[in-house]
Amino acid sequence: MFFYVKYFLNIFFSIRYFTKFVGWLSNKRLGIFTNIFIKIFIWFYKINISECEIKNISNYHTFNDFFTRRLLRKFRPIELNFNSLVFPVDGIVSQFGIIKNDSLIQAKGFYFSLTSLLADSISMVNKFINGSFLTIYLPPYTCHRVHMPCDGLLKEIVYIPGKLYSVNFFSMRSLSNLFIKNERIIFYFDTKFGLLAQVLIGASLVGSIDTIWSEIINFSKKDSVIKRWVNNSFDNDIKFYLLKGQEIGCFRLGSTIINLFPFEKVIVEKNIFVNKNIFFGSIMGKGNIINNSILNNCLK
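In terms of the numbering used here, the sequence shown is residues 2 to 301.
None of these hints come from the bench; they were simulated from the model.
For clarity, every value in this text was computed on a predicted model and none was experimentally measured.
Do not take every clue at face value.
[To be verified] Computed list of lysine-lysine pairs in DSS-like fashion (alpha-carbon distance at most 30 Å, straight line):
no. : residue 1 : residue 2
1   : K40       : K128
2   : K240      : K128
3   : K182      : K156
4   : K101      : K47
5   : K240      : K101
6   : K47       : K277
7   : K277      : K101
8   : K75       : K287
9   : K128      : K277
10  : K266      : K193
11  : K75       : K240
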């Protein structure tokens, strides 16, 4: 019975209009009511407010201001080893492993297609076949800012419309093809380890996924069509080159991120396991360097 109740709630919360309402409400300035709700949220999830750049609750004017709070860098130091990659977010390891031909694992007994995840972009799919992946779930209590796992040059962004099912562990273990059904944004970066894809999965109650390039790249979500953004001037544009640990964007209410790496280019750390709590800036894996001149090309 409990299973069916949770299943029904997942479907209900995935209704787009409900998500829009929650997103709208989370961005409203409600004064003392906002402060009270944030305090309850902190108490319920046992959030360590001392890690935040802004510690005074009254300085968060909306709930989303708090939800996308920035953390002090001293609490999330960046692993600076030259051939290392770091976790791009705080979260929980959902799954990781090898992309076997075209298949990734969602949960025990559930698999999904790389081709479908990347919206049938065969040229991109071929770059990750038999590569590796790591999926991270961002629980409600985490900082919802997404960062670079290594230095990289942005090459392409793809917006893929879809549903807004919850991406919690219950959903992963009960809804097939969850990640390819949901709305998502894919970032492709050229890195010294080869091509890197960061797939940001939308979910129920996610008001939006914002990027640091929103003034330049702004996808209208009114049309239910796939949209791609490619800038041929990338090679000489330093503003699209990000260093390890620099911010890419943020979820305005929780979700999941999937990292994709080419074949035999990145080795995930041996101490990583499913359900492990991980923190932005700590080491995720090590890569085999194949191109160390990307930044120099930007500076020409």
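Hints and how they fare:
1. K40 / K128: 46 Å, violated
2. K240 / K128: Holds - the C-alpha atoms of K128 and K240 are around 25 Å apart, at most 30 Å.
3. K182 / K156: 24 Å, holds
4. K101 / K47: Since the Cα atoms of K101 and K47 sit roughly 39 Å apart, the hinted pair is violated (cutoff 30 Å).
5. K240 / K101: Violated. K240 to K101 sits at ~35 Å, over the 30 Å cutoff.
6. K47 / K277: 18 Å, holds
7. K277 / K101: 23 Å, holds
8. K75 / K287: 23 Å, holds
9. K128 / K277: Distance of about 28 Å is within 30 Å: holds.
10. K266 / K193: 10 Å, holds
11. K75 / K240: 25 Å, holds
The structure fails to meet hints 1, 4, 5 from the earlier list, while all remaining hints are met.
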